[in-house]
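Chains as they are written, first to last, in this note's numbering: chain A, 60 to 372; chain B, 59 to 332; chain C, 171 to 682.
Simulated from the structure, these hints should not be mistaken for laboratory data. Among the hints, erroneous ones may be present.
Said to hold, decoys possible - If you want the footprint, here are the derived chain B segments under chain A, 3+ residues with CB under 8 Å:
hint	segment
1	162 to 172
2	185 to 191
3	305 to 317
Note that the structure is predicted; figures quoted are calculated from it, not measured. Beta carbons are placed, not taken as given, at the ideal position from N, Cα and C, and that holds for glycine.
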Amino acid sequence: MRYLGKRLALLAFTLFLISLITFAVTNVLPGDVATMIMGTQSNPEALAGLRERLGLNDPLWVQYGRWIGGMLSGDWGVSLRFKEPIAPLIAQKITASGLIVAMSLCLALALAIPLGVWSAVNRDRWQDATGSGLALAGISLPDFFWGIVLILIFARGLGWLPSSGYASPAEDFGAALRHATLPAVALGASLMAHLTRMTRSTMLEVMGQDFIRVCRAKGLSEGSVILRHALRNAIAPVLTVAGLQLGYLFGSIIVIETLFNFTGMGWLTYQALLNRDMPLLQACVFVIAAVVMLTNLAVDLLYAALDPRVELA
Amino acid sequence: MGAFLTPKGLLGLLLVGFFVGMAVLAPLLIDEGLTTKIDVLARHQPPSLEHPMGTDQLGREIVWRVLLGASTSLLIAVSAVALSILIGLPLGVISGYFGGWTDSALMRLVDTFLSFPVLLLALTISAVLGPSLPNTILAIGIAFAPYLARIVRGEALRVAALPYIEAARSQGARHGRIIRRHVLPNIMAPVIVQATISVAFAILAEAGLSFLGLGTQPPTPSWGLMIQASRDYLDVAPWTALAPGLAVALTVLGLNMLGDALRDAMDPTVAAER
Amino acid sequence: MKRREFLQGTTALAGGALLAGGAPARAQGEPKQGGTLIWGHSETTQNLDMHQTGTASTSRLLENVHDSIVTIDETFQVIPNLAERFEMAEDGLTYTFELRRGVKFHDGSEMTSADVKYSFERCKDPATGAVNFEVFNDVEAIETPDERTVVIRMSRVNAPFLSRLAENGAGVVMPEGSGDIQGTLPTGTGPFRFVRREFGNEVELEAFLDHWRGRPHLDRIVSREVTEPTVRLTGLQTGEFHLINDIPLDRVEALKSDASVNVLTWFPLSWAFLNFNHDRETFQDARVREALDLMIDKEVLVQGAIWGQGVTTASPSFPASPSHNDEIAPRPQDFERAKALLAEAGYGPGELSFTFKVTTNYPWHVEATQILVEWFRQGGVDASIQQLSWSDWLSQCWVDRDYDVTMMNFFTLWEPDFLYYSLWNSEGAFNYRNISDPMIDEMTSAARRVVDPQERAQIYKDIQKRVQDEAHDVVLWFRNGTVAAQPNVGGLDALVHPNGSNLRFRNVWLES
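Looking at chain A on its own, in the form it has when it is part of the complex (with noise of 0.2 Å):
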């Protein structure tokens, strides 16, 4: 009980840096909203007027606060741009890339663990070869090439899926997976690399211990010691590392989204980033960082739950 009072004091912590942080940088941003706003209707007279009015001219320690105290209380603001509330806007493509990455994890997964235990088992054998250079090939290109590859081929080749667009799940769910599949894939390709490699690398590291050593003398089959001995305690490590990757994730999803035109967290900050939205950019990237923060800190603790020789320090 201690420990998780402490972790959540710490968390609190982190989340209030983490915003410090969010809203220095965004801040240093030059160019600003209101030329933005006015396009090329912009003049110096209007521009200063409207800076007025969105408060863009207080210190900055007052926006800080105004902004903190907001979101504290629930009220996100409204995107200077597009005068939506920014709130519902994050929570739909929050929800929205949530679906690519949940996806993608999953594909990454499903095909990340055979790979790597059949190149570990094969170790230095053919198998072992075109496994890991199948894996390293994956985390050499860039994601966004796939993505180009994948449009290609599935898109503008075969006809099968969508290139572009976003459909919400609640309203068509079949229209939501054929619009999410190709960005999945694309951001999945290197992560599925990356946990392939890590796969391996554990499965030998695990296999390697003395334990398997008496399972294989105690007479055990071959497949019971690697698949519910050695997996077993492989598993979590490369778990982890998923969770890990999770940051890494969500830098993708800005090039992915993008690319996809698929309208997520991803595309969201780009747009806000490019538009010098500073209240939407400011909580997108809050969102996201907060988001990883606390994946991070869930992975932490699963793995102490998995793993009983890791003490909860």
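Model the placement of chains B and C on the given structure of chain A, informed by the hints.
Same frame as chain A, but now just chains B and C:
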């Protein structure tokens, strides 16, 4: 050393050597003008004897751009990683060596930065500074620094716990001396491995940044920019994407292989298995 | 391929729209009622308030939600719209409008003169932040003697006034007091009613059954915003969209011979020009500007940057406009002369260098910039490129005017006063190049007070010649507009507004 020269290590070394060679020699041997020479009448020519890798949408020869692109990409990647080491190494060493409150505080800060996806950080920094080649280096370098700091810290912790280090400290030797003479040399190997792999990621990061318009500027022949420009013409001119894409893939592949081989060579458990 | 043959690929339309398509003319018969048209729109809509929106993209959509008091025909003559009759007094100081009877707003109320007065005054009010507020600068009073009559009294002669009212940005009529909701629920008298907008994604309009011209053919329009050109095109080809605007420039020719789609091209959509910052000493010298102009082969540029989907021009006036100067022509490429001029101005080879800022908002501008910079290099000028996002370009070049050289395009500026005053008068709202030419200042101001159309037209022709002679800017091209549609979409020939940018869906129908 022998453990390093596995097939993987050799292939990695070969690939990396080839690309580094290209990066160094190309600017000396190829006239820069060839990469920007526009010939609208010869746009989107497929690969042939006349145009070894084909031409792009403005009629520029892709082969020269890919070759010189090696310099751009490697320059950015290596500089960015060097910068990240410059920032991350001291942080990590101080954190790991001194431990205690220093470690907790510094790592709290680093972990917070690590919550921001690397690409997002790099994007924002690039937007803040204004996109250009030097600023791309800064953006990627700063964004990679926390990650490197963490790794260095892990290594420094491990080394600081070694008996003879503890002995030296208890004997009152000055911290600076211990760090310089004992800690740093012992962590250099893993740092080099990490750096190798980071260079690979930096190349990918630059490609991503350029893809989003916040990396290198035209008409600089950078692989990332070339892939981005090829996007609209994929079905009519796929070679415009394939050439730079393969270049990135092979370079990154080589770097990953090299990094893997180095790591395997230094990892005692792996070595013991042979 | 020889240059000659190559350039024959340039599509030069005389003006107006050309419908080309390999698809069987199924939908050219009788209009059918009903159906939902899915439109793949190239841009995101911004502010939905017709007075406040400054973007061509939102205007394109709102064109169907609002009507203006008068409108224009293809020759840019002002014709009745919501006003059945209108006239200007001899002295040019009074305009009288007689409104149509029985025009309904989307909220059910009937349009009266009070709504017109409200709309115009709202536009004029600085607190509204209306983009076109200056249209009403010379308006002294708006009187509504009865429900159907609006009388506008001017403090002085303002010749462009009536034409400016032909665009929704100034002449739109909104229900009285509806100002506060226009940003979220645009309400007007147009053939379609606004239903909803899902941010970044789609806007839905439904047929307004009580439109004063009768209901439109379509039941519904859904505009889906797809900014990526190839993604948009794929969407059309897979049947996801019925219609898309702005086909990727390099695909237009191929699509025209594609049997499965109909392609509509019209001319012009927009015009583009190269800009020099006249605040920078280098560019105050007309010889330098002319030299750079002479390094450009405009025909090849049109091929290279916009794939031949346009024409070169020295004048930014719409070709069909009476004020278009037919006698000026772009300077041909001449490196010898260019280098000589530069030398005269004191710049030997390699001595002139500057930064060329271009926005990625228009990818073909980035291509054009690379081509231009390569020519400048051949001419001994060292130019470096800086790509800016739209936001940064607006901040740096438009507002702060901090740049050396840049380029930009403009849409819908068919009205000559709006065009020439705003861009080339030293006090013009769009004069981000800091041009201060007393001759042009005098001519643009004078033209405002001249009521005789021919006299006015001549003044504008003189302005064009002056800009060309002095190379204040270098006008590069007119770009074609393109729309592609499934074969079952009919009524495409009436789709495009004379301003070349807005799309009118009133007469469009779906075959099945």
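Hints, one by one, checked against the model:
With 6 residues carrying a beta carbon less than 8 Å from a beta carbon of chain A, the segment 162 to 172 of chain B meets the three-residue requirement, and the given coverage holds. Coverage of the segment 185 to 191 of chain B by chain A holds. Counting CB-CB distances below 8 Å, 3 residues qualify, and the rule asks for three or more. Under a criterion of three residues with beta carbons nearer than 8 Å to beta carbons of chain A, the stated coverage of the segment 305 to 317 of chain B is upheld, 7 such residues being counted.
Hint compliance for this structure: every hint is met.
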